[in-house]
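**Q** Below are the chains, spelled out letter by letter.
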Amino acid sequence: MRGGGLRAYALLYLLFLYAPILLLPIFAFNSGTIIAFPLQGLTSQWFEQMWGNATLRRALGNSLTIALSSAVLATCLAIFAARASTRYRFPGKGGALGLIMLPLILPEIIVGISLLVVLLAAGVQLSILTVIIGHTLICMPYAVAIMTTAFSSLDKSLEEAAYDLGETKWSAFRLVILPLVMPGIISAMLMSFTISLDEFIIAFFLAGNEPTLPTYIFSQLRFPKSIPMIMALGTVLVMMSILLLAVAEYFRRRGAARTGQSSSGGLL
Amino acid sequence: MATGNGSEAAQGLRMVAPPLVYAILMLAIPLLTILTFSFLKDGYQTVIREFTFENYLAVWADPIFRTLMLRSLWVAGLVTLATVVLAFPVAYFLSFVVASRHKAMWIFLITIPFWTSYLIRVFLWKVILGYNGVINSGLKSLGIIEQPLSFLLYNTGSIVVTLAHAYAPFAILPIYVALEKIDRSLLEAGRDLGESRLMTFWRVTLPLAMPGVLAAVLIVFIPTIGDYVTPTLIGGGKIPMVANLIQAQMLDIDNKPLGSAIAVTAMGIVGVLSLIFLFLNRRFLRVRQ
Chain A
1 MRGGGLRAYA LLYLLFLYAP ILLLPIFAFN SGTIIAFPLQ GLTSQWFEQM WGNATLRRAL
61 GNSLTIALSS AVLATCLAIF AARASTRYRF PGKGGALGLI MLPLILPEII VGISLLVVLL
121 AAGVQLSILT VIIGHTLICM PYAVAIMTTA FSSLDKSLEE AAYDLGETKW SAFRLVILPL
181 VMPGIISAML MSFTISLDEF IIAFFLAGNE PTLPTYIFSQ LRFPKSIPMI MALGTVLVMM
241 SILLLAVAEY FRRRGAARTG QSSSGGLL
Chain B
1 MATGNGSEAA QGLRMVAPPL VYAILMLAIP LLTILTFSFL KDGYQTVIRE FTFENYLAVW
61 ADPIFRTLML RSLWVAGLVT LATVVLAFPV AYFLSFVVAS RHKAMWIFLI TIPFWTSYLI
121 RVFLWKVILG YNGVINSGLK SLGIIEQPLS FLLYNTGSIV VTLAHAYAPF AILPIYVALE
181 KIDRSLLEAG RDLGESRLMT FWRVTLPLAM PGVLAAVLIV FIPTIGDYVT PTLIGGGKIP
241 MVANLIQAQM LDIDNKPLGS AIAVTAMGIV GVLSLIFLFL NRRFLRVRQ
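Protein chains in written order, with the UniProt record's numbering: chain A, 1 to 268; chain B, 1 to 289.
These aren't lab readings, by the way, just hints derived from the structure by calculation. Glycine is no exception: its CB is placed at the ideal position from the N, C-alpha and C atoms. Possibly wrong hints are sitting among the right ones.
[As the list claims (entries may be wrong)] Chain B stretches covered by chain A per the calculated footprint, using a threshold of three residues with CB under 8 Å from any CB of chain A: (1) 7-13; (2) 115-122; (3) 211-224; (4) 228-239; (5) 245-254; (6) 258-271.
Start from the sequences, fold in the hints, and give me the full structure.
**A** The following block contains the structure:
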């Protein structure tokens, strides 16, 4: 086989990437209260403990509300940005898109702390709403990247054909463009949802007293007693992320197939 | 070009307006506020509107800031080096060895761990490296060591391992994209002209891949400098980095002007270093055109 050495290296690298995640279910089902080898016995008590935890349920509810709202908002804003970037030329385009994409490389602590300062100065009460504001901001660049791919693969003549057939700008968008980029929209929403669900720093600064899943996890990591339950929670979260990403990837590929390109690209 | 109302430029501006206004309100204005705060005086729990360079003088005179900033740069530099060097062969493998119908699958596999909870992944490294952790308890139950190794956790090395793991896909993807863009006939030409496989890689592939490598360096280096979670969890609070200092000044000590000055100084240093780095490597960026 070609590249035998490289293949072996790549597989080792994958093992390195997955090693921590593979440990999660092992300790989530281990009956020992400390996270160490040798393993004790098989148990599902940590999952039961997780299920019965009221604060955790509240955190989950908050996180789902935040993730859903941020995903919808970020994707809606991203549709405008991506459409502007692929379809129009206008002055200041580079700067405008640069600012929109900036959170991609800006350390999250800077985004979190600067938003916090402004929100507090404006007298805004910290709540899950303020977290949604922050998460929308950091999810937007990812959504823009996905939507830009979706829009740039569109054949412009389809749109022009719709105008020639008497459609207005809006009806052409709704009837022709929107269905074609729909897989991209779903993919962008799922991606933003996943990012928001996992995001810690901004939630840590902007949530006030409301727990989100990551801030709840962070608060529990100090107590050795709650670690096995956190392992169980981690297992569930990782499974959920993988499921969401698999669905996002499926839609991304379907979108690529619909507009007739090859599907060898990535999520980023 | 222009259909309907207005010129193309006006339509484009109208189109970009909603996300742009959002980014201005929620990103540009907050960043400018931080910049403004850094030049103002601190009153107890308030900010006095009086222009001063005091905060910056205090930041530069502060040995703690210097130590933490240098440590952050050192850690981020090591992480970047480790990630990019380890990632390059994987990106090369993806681009040149994997059959194109399997590429999407491989990329998907590489990106999955990146999308799973950052906090839990970082904590798992603590579990792996800890005093009663996976490595120590594993070695002990195998009878290789008597006492747990204490040098695994709470040091710069463990922070580097954790961050290198967290940012791996960030390094692979830009390099992969750059490698994919290389015209394969150039490599054949190199070989036909009598270059060895290694020399072709050195003189053709690597220079053409450099824009991707540079992107990977910046995309790993900049966020790692400001990482908060890893020094807190893996360093056990004993090895704070600059993000911990910013958080402490802003929230615990509540000196917003000084905290802002630290944040601005740190970002300035990172920005200047990035520009110097790009300038030193400018000949590779010109290759594209």
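**Q** So which of those numbered hints doesn't the model satisfy?
**A** none
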